[in-house]
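Protein chains: 2
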Amino acid sequence: MKIVVDAMGGDNAPDLIVKGCILARDEYNVGVILSGKEQEIKKILESNTTNYKNIDILNADEIITNEDKPVLALRRKKNSSLVKALNAVKNNDADAIVSAGSTGALLSGGLLVIGRIEGIERPALAPLIPSMKGGFSMLIDSGANVDCKSNFLYDFAIMADIYMKKVMNISSPRIALANIGAEKGKGNKLTIETYELLEKSVLPINFCGNIEAREILRGEADIIVCDGFVGNMILKTLEGTVKEIMSGLKEELTSSFVSKVGGALIKPSLRNFKNKFDYSEHGGAPLLGVKAPVIKAHGSSDEIAIKNAIRQAKVFCDSRVNNLIEESIMRR
Amino acid sequence: MKIVVDAMGGDNAPDLIVKGCILARDEYNVGVILSGKEQEIKKILESNTTNYKNIDILNADEIITNEDKPVLALRRKKNSSLVKALNAVKNNDADAIVSAGSTGALLSGGLLVIGRIEGIERPALAPLIPSMKGGFSMLIDSGANVDCKSNFLYDFAIMADIYMKKVMNISSPRIALANIGAEKGKGNKLTIETYELLEKSVLPINFCGNIEAREILRGEADIIVCDGFVGNMILKTLEGTVKEIMSGLKEELTSSFVSKVGGALIKPSLRNFKNKFDYSEHGGAPLLGVKAPVIKAHGSSDEIAIKNAIRQAKVFCDSRVNNLIEESIMRR
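Respectively, the protein sequence lines represent chains W and X. Per my numbering, the very first residue in the first sequence carries number 1; after that it's consecutive. Per my numbering, the very first residue in the second sequence carries number 333; after that it's consecutive.
Just so you know, the hints here were simulated from the structure itself, not pulled from any lab data. Since this is a predicted model, take the numbers as computed values, not measurements. Note that CB positions come from ideal geometry on N, CA and C, so glycine has one too. Do not take every clue at face value.
Stated by the list, open to error - Pair ranges (Cβ atoms, derived):
| no. | chain 1 | residue 1 | chain 2 | residue 2 | range |
| --- | --- | --- | --- | --- | --- |
| 1 | X | D479 | W | N206 | 20 to 30 angstroms |
| 2 | W | E193 | X | T397 | 22 to 32 angstroms |
| 3 | W | K133 | X | V593 | 19 to 29 angstroms |
| 4 | X | L444 | W | K189 | 13 to 23 angstroms |
| 5 | X | V534 | W | E193 | 29 to 39 angstroms |
| 6 | X | R550 | W | N59 | 33 to 43 angstroms |
Just need the whole structure built from these sequences, with the hints factored in.
Written out as structure tokens, the structure is:
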């Protein structure tokens with residue numbers, strides 16, 4: 001199996017991306033193709049390993065940045081690390097792709113270069129949100145589709161169900177619909193219609209009804225279904241709140257001598273606590289519904305996050321998630 | 333001026349509601365009508381004050397709870413504290429209403445009993461979200477309208493603009509549109525259309541473009557405009573995250589002897605920090621767009637929160653917000 005990694009994407013590219021690839025190659029015995037500036041990548045490889053087995057370089061001189069318009073960039077920057085990586089998957093030179101670069105470009109590339117699974121109208125981005133009790137909930141869609149119909153949301157649930165079963169080993173994932181109230185009949189037109197579809201599904205899914213946004217962190221659902229606009233709002237509100245609280249707390253803890261002493265004593269506890277929100281442990285967000293595994297790693301990914309995203313891509317391939325999605329969609 | 337308060341609504345009703353009314357009467361020299369079970373209210377009054385000036389009781393034997401279906405309850409529970417309070421406003425026996433009870437029933441009551449301001453299609457609920465830098469941002473709509481058109485959102489912005497100017501004394505409120513990206517052109521159909529309306533407004537508003545959910549707590553906008561479904565998701569995600577982090581932190585801080593000592597030392601800092609998220613200081617969420625001031629106090633309101641909600645209702649009346657809304661809507 002070969003996994004192509006966009007070596008130039010992300011805040012820590014290419015250094016920590018390349019290091020993460022070396023770690024993954026060593027730990028999971030997987031072939032890695034590094035897409036990006038050959039000379040730069042070689043230098044990093046040389047100073048971190050003497051073993052080049054299972055590591056290939058796909059030279060690409062251009063870089064797609066977060067400032068580029070996704071679709072335009074895909075068309076104009078044919079020599080970018082991302083486009084070359086996407087083409088490697090398309091041409092079966094690689095089985096899956098991992099990138100910590102522009103989310104928009106990766107989503108568009110997944111759709112336009114790799115292509116949709118037959119029967120899936122809209123692929124969806126599905127990050128895993130940490131729960132306070134441990135474990136994760138999948139939030140699908142978190143931004144790939146901003147205007148959705150109820151049948152899109154139904155397909156999101158089906159795809160996430162298979163992923164959580166096969167990749168995360170949850171035997172009967174609890175599926176909930178993000179909504180403004182718990183009772184059936186609550187919500188906007190989209191969620192009311194989606195509720196009906198999920199409730200009457202012919203596929204054997206474990207639909208548990210609506211979930212309010214207040215409950216999301218509590219881990220009471222394994223899969224949270226919503227349209228991409230709403231998913232983006234949930235995800236970004238959550239991330240922003242955690243970030244602001246943590247930095248506000250830090251400020252408060254250095255405001256007096258006593259609180260500084262107290263702060264020093266609770267440092268290990270605080271670190272434990274912060275780790276609960278650590279995204280790097282489980283890899284990245286899969287784009288579900290395209291023909292090959294596409295993993296969006298967090299922009300701030302370090303080598304451990306990249307290593308884990310590669311592991312995730314490998315399990316995604318090994319577990320035949322996409323074949324199962326194809327089969328389920330035909331029966332729905 | 334007389335403000336009617338639903339004495340039976342909220343987690344701490346009627347005890348702390350009545351106490352809050354006494355505080356407000358004493359501090360703001362405002363007339364208060366307590367709607368609810370007369371005997372119960374009298375008892376609480378008697379054990380808390382000897383001065384009954386400016387306090388009236390409107391006897392009501394029924395209570396609308398959070399479990400009641402709002403519209404049905406309004407129709408069937410004519411003798412409820414809420415319906416009687418709403419009617420007092422409708423009949424000009426009171427100038428404004430405050431309730432910490434069922435949000436749905438208060439919203440429906442505002443709309444159906446008190447009625448819309450001419451020209452306003454959809455009244456909106458607009459809580460104030462604390463910013464980490466101090467101050468507040470108004471989130472409008474946070475749940476009154478789950479399916480919105482762009483002209484509704486435009487009116488939300490106009491109403492909030494007047495409120496923030498007149499009640500919160502912000503001279504030129506920065507208005508932002510909640511969206512999945514900062515650039516113009518980002519978003520779903522609704523936000524793209526709303527952006528155009530806000531940008532081309534004939535009324536002199538300070539529209540600052542899109543705001544991502546990640547930035548909301550940072551206080552970079554005074555008014556955040558969105559549809560009620562999205563607003564509910566933002567508000568509830570924020571509340572849930574704060575709550576889960578605080579209780580998770582508490583657990584972590586009692587996990588070892590050292591962290592317990594540290595936790596004791598930082599207790600005052602932690603309290604300071606928690607106060608930043610305290611809703612009670614600024615009262616409640618106004619329902620903007622109805623003919624008389626309607627203030628939804630938080631369900632968990634204590635006497636201070638109720639006192640502040642009454643002050644807010646008073647300023648709302650004094651500052652002629654509704655007349656200004658009416659005038660602006662005619663010119664938009």
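Note to self: Flag every earlier hint the structure violates by its number, smallest first.
What the structure shows: none
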